[in-house]
Amino acid sequence: MRRGLALLLLLVPLAACSGGGPEATPQQPVVLVSAAANLADVLPPLLESFRQRTGIPAQVNYGNTAQLAAQIERGAPVDLFLAADRQHVEQLARKGLVLADTLCVYARGKLVLWARPGSGLGLRSLEDLASPRVGRIAIANPDQAPYGAAARQALQRLGLWEALQPRIVIAENIQQALQYARSGNVDVAFTALSLVIDEDGERLEVPSRLYDPIEQALAVVKGSPREAAARRLADFLVGPESAAAWQRYGYERAGEGGR
Amino acid sequence: MLAALLVSLKVVGVATLVIAVFGTLLALLLARGRFPGRTLLELLLTLPLVLPPTVVGFFLLYLLGRGSPLREWLGLDLLFTWQGAAVAASLVGLPLMLQSARAAIAAVDPELEDAARTLGRSEPEVLLRVTLPLAHRGILAGLFLGTARALGEFGATLMVAGNIPGRTRTLPMVVYDAALSGDLATAAQVSLLLSGIAFLALAITRRLEQPSRR
Amino acid sequence: MKMDERLYVEIEKRYPGFHLQVRLSLRTEVMVLYGPSGAGKTQTLRAIAGLMRPDRGEIRLDGRPLFRCQGTRATVNVPPQGRRIGYVFQGYALFPHLTALENVAFGIRGRHRREEALSWLRRMRLEHVAHLYPSQLSGGQQQRVAIARTLAAGPAALLLDEPFSALDLDAKRRLQEELRQLQRELSLPVLYVTHSLEDAFAVGERIAVITEGRVQQVGALAEVVARPANRRVASVFGLPNVIRARVRCLSPEGLLLDWDGRELLAAPRSLPAGAWVFAHIRPEEVRFIYPDRPLSAAVRHNRLRVQVLEQRLGPDFRLVRVLTQEPPWAELEVRSPPSTYMDLGIAPGSQLEVAVRPAGIVVLETAEEAAEEGGG
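Chains as they are written, first to last, in the working numbering: chain A, 1 to 259; chain B, 260 to 473; chain C, 474 to 849.
If you are wondering where the hints come from, they were derived from the structure by calculation, not from laboratory data.
We put the CB at the ideal spot given by N, CA and C, even for glycine.
Don't take each hint at face value.
[Stated by the list, open to error] Simulated restraints on C-beta separations:
{"#": "1", "chain 1": "C", "residue 1": "646", "chain 2": "B", "residue 2": "299", "range": "50 to 60 Å"}
{"#": "2", "chain 1": "C", "residue 1": "769", "chain 2": "B", "residue 2": "370", "range": "50 to 60 Å"}
{"#": "3", "chain 1": "B", "residue 1": "299", "chain 2": "A", "residue 2": "239", "range": "56 to 66 Å"}
{"#": "4", "chain 1": "B", "residue 1": "326", "chain 2": "A", "residue 2": "133", "range": "46 to 56 Å"}
{"#": "5", "chain 1": "B", "residue 1": "302", "chain 2": "C", "residue 2": "646", "range": "48 to 58 Å"}
Here chain A stands alone, though its shape is the one from the complex:
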């Protein structure tokens, strides 16, 4: 009985101490970035590069854009928001939760169709999806994910959306859609080029005229104690120093931005 009590008391100080991760020092604050899930491949090298240049470390919180926006709205201690679309960032700007002058498009996503290696589908164009040898097709939730909306748009413009309905599987996000295709649960998935750029498999770029550009915007969150550092990172991410990395991972740079 008494031993139990002592054990409990020991755990209290443990509870009070704060978490791990890169230690923030007074001189070198850690910038916290909330980033859309599809940036999981391109961000780490970019952030490492940034840290080497400036000495500023950064941490990333990945998630789906809507969720990340909700978190920021409720006061999550995020410094920089990298969304998978524009509208969520613009919404936050309208609510005064991000610094409007930092809002700009940092990349344009490219929509691709992907099937895993050895699937032998031999897709040459989107119309091939109508063929009976293609089974299930995964797309990210079109109501929530910009890539999903783009996929739907493309299929609609080709008049294929209705016909393919019974074969379409809705995934939570493009990563999950990709996962379905990787595991063979679906035959083919609409996903972001950046996610499959280094992966084997059959790949077909969806012609950009078929969908509205997927503009991914960023902004510095208002009230962040690390605003200066966040601004520097934002500049870096849209500036020339990062151009090569973006391209390497399958993103287009924004020709014009809101800078």
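Fit chains B and C to the given chain A structure using the hints.
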């Protein structure tokens, strides 16, 4: 992965404490207390068990985020911290603990407690020397169940604490991330670890639920 | 308050469909609280122990108020922990997770708890099971541990709820004797609840009869049984038609009794002339006499003129209460199958005659010589 293990340990450690203390107190209240609104309280406390984790997460986001009284009055900013994750984990583990503990306490014959009173023991003594010892198996079983659940908590934690490697990324999140990015080896490893722990917890719970032969 | 009064109880509590109104005064004695199940016995005990709170009333132990809630006087409600009233529960209520020794020591305070507990166990001849758990003890042993535990806490009064109902006759008798001994040694007022008349006789000095939430009669055991104050008390004893009579002599035909001047022929029994006895006139053996028919063997003896007081018809019985129209002016119950006496015209007020078969008058036990037994 080691970082995630540490985060999970911290989160579960605190969650276990919270569940143990609050779970026992609330179970006592629900099992023995008579007050208006008792049923309502019981229902509210059981909700996290049946609600989808994202709903719980949203609720917590509002509870812990900007504009919430908790934040303003107590100055507690728990968003995106492992302590916030611990809160989420406690919340989903608590109902499981309550079910078991409450039943165990209610099963203690009130006549035994009355006997203790007539023998001159004060209410706290009755609690500590009769009620809790006789209910301890059910309480412990509930605690193990609740802790196992807390360990596996994912959806609500994601909302409240985010998925920040080294800071709030827990083991279940590692599985999720690894599976999505095609790193099946890591996903399998961690899944195995989590399953093993859960299995152990359930086995212990089962042992505790067997009536002992005294 | 009387000088030798130890425990005074006057409580009232209303439940839906039940009204408990009890008034009791105990000396240093064993008083039996007797009544059918549902009469309010256990509730009374719980109120005295402090486990139930009456709506109003007063409970005093050795002059000290334990509960008071009436009118303008200050309210008192001492919690059970502070009342020093021992309670032996019907199911023993032994703590299953503690040994016999630990159970007995539970209510003892101080540094020498274990030694004291051990000496109590020794007193009850239980020291050899001190380290066993209740589940490993026999019913009788459990009961003794329960009593030891209650007494070890040093109570100033003792309540027992059907304490020996689950034991066999042997064990029961022994424990009842031990209880009386302990009560005398410790000079405790003891309230003993039971619904068995046998137990009441074995243990008690005075009896309080309770039915439907009210104490109907209090008095010396023999007295109350012999002279039930009312019908409820009589029927609660399960014995209607209990009479007190004196033996005249044993004749070849049966036992001749003198019932307040009236001669009765009862079933034969060897008893000395002049002895006082309680006898039971079995309601089934009381027959109405058809005035215009020849007398059969069944109705030749023990004829009495009676007046019908009331009649009750049940699914398989007819119950008639009559009043003898001669000394001792007693009420009797007559029980018969429902189809009988249809043409006799039994109605309240009817003047009829009954006869009782000698075999239907049975001597229960000897009574003490004449009146004045205990106060009440």
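Here is what the structure says about each hint:
1. 646/C with 299/B: 50 to 60 Å: 55 Å, holds
2. 769/C with 370/B: 50 to 60 Å: Once the Cβ atoms are compared, 57 Å apart, the range 50 to 60 Å for residue 370/B and residue 769/C holds.
3. 299/B with 239/A: 56 to 66 Å: Taking Cβ atoms as reference, residue 299/B and residue 239/A lie about 57 Å apart, which means the hint holds.
4. 326/B with 133/A: 46 to 56 Å: 54 Å, holds
5. 302/B with 646/C: 48 to 58 Å: 55 Å, holds
Checked against the numbered hints above, the structure violates none of them.
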